[in-house]
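There are 2 protein chains.
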Amino acid sequence: MTSYYRTVLLLIAVFCVWSSVVEGKVQVTAIPYSHGEVLLEGVLAWDDAIEGKRPGILVVHEWWGLDDYERTRAEQLAALGYVALAVDMYGKGKVTAHAGEAKQWMQQTTANVEMWQARALAGLQLLQADPKVDSARMAAIGYCFGGATVMQMVYGGAPVKGIVSFHGSLPLPPSSLTIKNSAKILIAHGEADPFLTQDHITQFTMALDGAGLDWHMVIYGGAQHSFTNPSADQYGIKGIRYQKQADRRSWAHMKLFFEEIFQ
Amino acid sequence: MTSYYRTVLLLIAVFCVWSSVVEGKVQVTAIPYSHGEVLLEGVLAWDDAIEGKRPGILVVHEWWGLDDYERTRAEQLAALGYVALAVDMYGKGKVTAHAGEAKQWMQQTTANVEMWQARALAGLQLLQADPKVDSARMAAIGYCFGGATVMQMVYGGAPVKGIVSFHGSLPLPPSSLTIKNSAKILIAHGEADPFLTQDHITQFTMALDGAGLDWHMVIYGGAQHSFTNPSADQYGIKGIRYQKQADRRSWAHMKLFFEEIFQ
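Quick note, the sequences are listed as chains S and U, same order.
Numbering-wise (this note's numbering), the first sequence opens with residue 58 and increments by one.
Numbering-wise (this note's numbering), the second sequence opens with residue 58 and increments by one.
Extracted from the complex, chain S is given alone in its bound form (with noise of 0.2 Å):
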């Protein structure tokens, strides 16, 4: 090896020394839990170098399971300053790159509604057990399944500030019950996702109305079903794409959104 080759290494290693001790601040931890009879694994992010305590975010994963993708989007709300919990709606490494498996374990999670809210609630409350989380500064985002999962959130009175559904399927709400949360809802929606129709959407909003709920909803020119998953192509399936620009106005208007319902 020339020392040429040496030098590069060592300057490579610094670097990577000094990154860790200047963005490393973010940290990241599994959480084993569970909910009835059913071992659970969660995700928890937080900056370590913030004291005192903060709003919590649940952040709730696509039907795939619990991956690298909902980790990411929990460290990068740490990085905003918030403590967020990637929750496991499934099962301790229940997680696919199958739709077929995908499918079963979501029908499987859905078919009891209260069991599918209970479940997330689980998730929730512990998040609001965190020493580091202000426990009345409560919020939660989905994607695509989780999207739903946080409508149900707001149907069954889980006690956050506000929740936003990323490509969710805008599940509508009970008709024979009142809602009973002040939650305010943002919905993240693509214009191409071909998994809901225009009628579907305006048979949900007036749902909403009906039951006197505080929503808005952006609508993405162009965007398709998962367009904040970077990996969404690799799955290859018609009208699941990732489109950058959508994910970067989505998330823009989640950090606003997030500035209102916790100032």
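Everything labelled a hint here was simulated from the structure, so no lab data went into it.
Since the list gives no way to pick out one identical chain from another, each pair is judged satisfied if it fits inside one copy or across any two copies.
Distance condition first, Cα-Cα at most 16 Å in a straight line; then the derived EDC-like pairs of lysine to aspartate or glutamate: (1) Lys110 <-> Asp191; (2) Lys312 <-> Glu132; (3) Lys301 <-> Asp290; (4) Lys301 <-> Asp271; (5) Lys301 <-> Glu317; (6) Lys237 <-> Asp266; (7) Lys218 <-> Asp271; (8) Lys295 <-> Glu248; (9) Lys218 <-> Glu316.
Bear in mind that the values here come from a model prediction, so they are computed numbers and not experimental data.
Put chain U on the given structure of chain S with help from the hints.
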């Protein structure tokens, strides 16, 4: 008068002088100009504490004509650091509170689309020529009829980085024409605006897609037509109402959009 009241009055006077010094940097002046044979008068607003060139924002009025509402918006934009021109689309002094008259003036302006686009462009060029304005960094916002006008500016190829339509009527682009404009489009729309059908909105967004335009739309739950105008209710027209929350949110969305297009 007791010395107590004298002291209070003195304190109020001191506060007024202080606030005019601290916050009174925004300057406002009327600018006469013409388009063809029509004499117009716009209102220019800027912060004279700022040095150097900055982006210019055109503000296009509702169908009532250029009144205090648009003047206030121009001042607010100046306070944000922009140079703003509240443009006049009808003619000097043509302001009304009567819907019949407003409708007549609006229709006179919109009957000839080329003339409509050219009159808006005349305002934009006036603003571009201002020595405080960075003529390469322009945007336009418009309310109601003004929202339709800023869409026409995009269709007509006006040199803007972006436009924001607040409760605009969302005119369709001309189907026979290729649109040569990379302007980005933000649509702020009230869910309960009775003057637009969902069919029209769908036609509009599909036409934007067809024209290859970059757009996103925010729909504010429960907001009616003219939701940003605090004077909306005084016109006594069904479906026209101010909504404070949608007003605040749409202004914040506009600011975020400007950060994006002027970065």
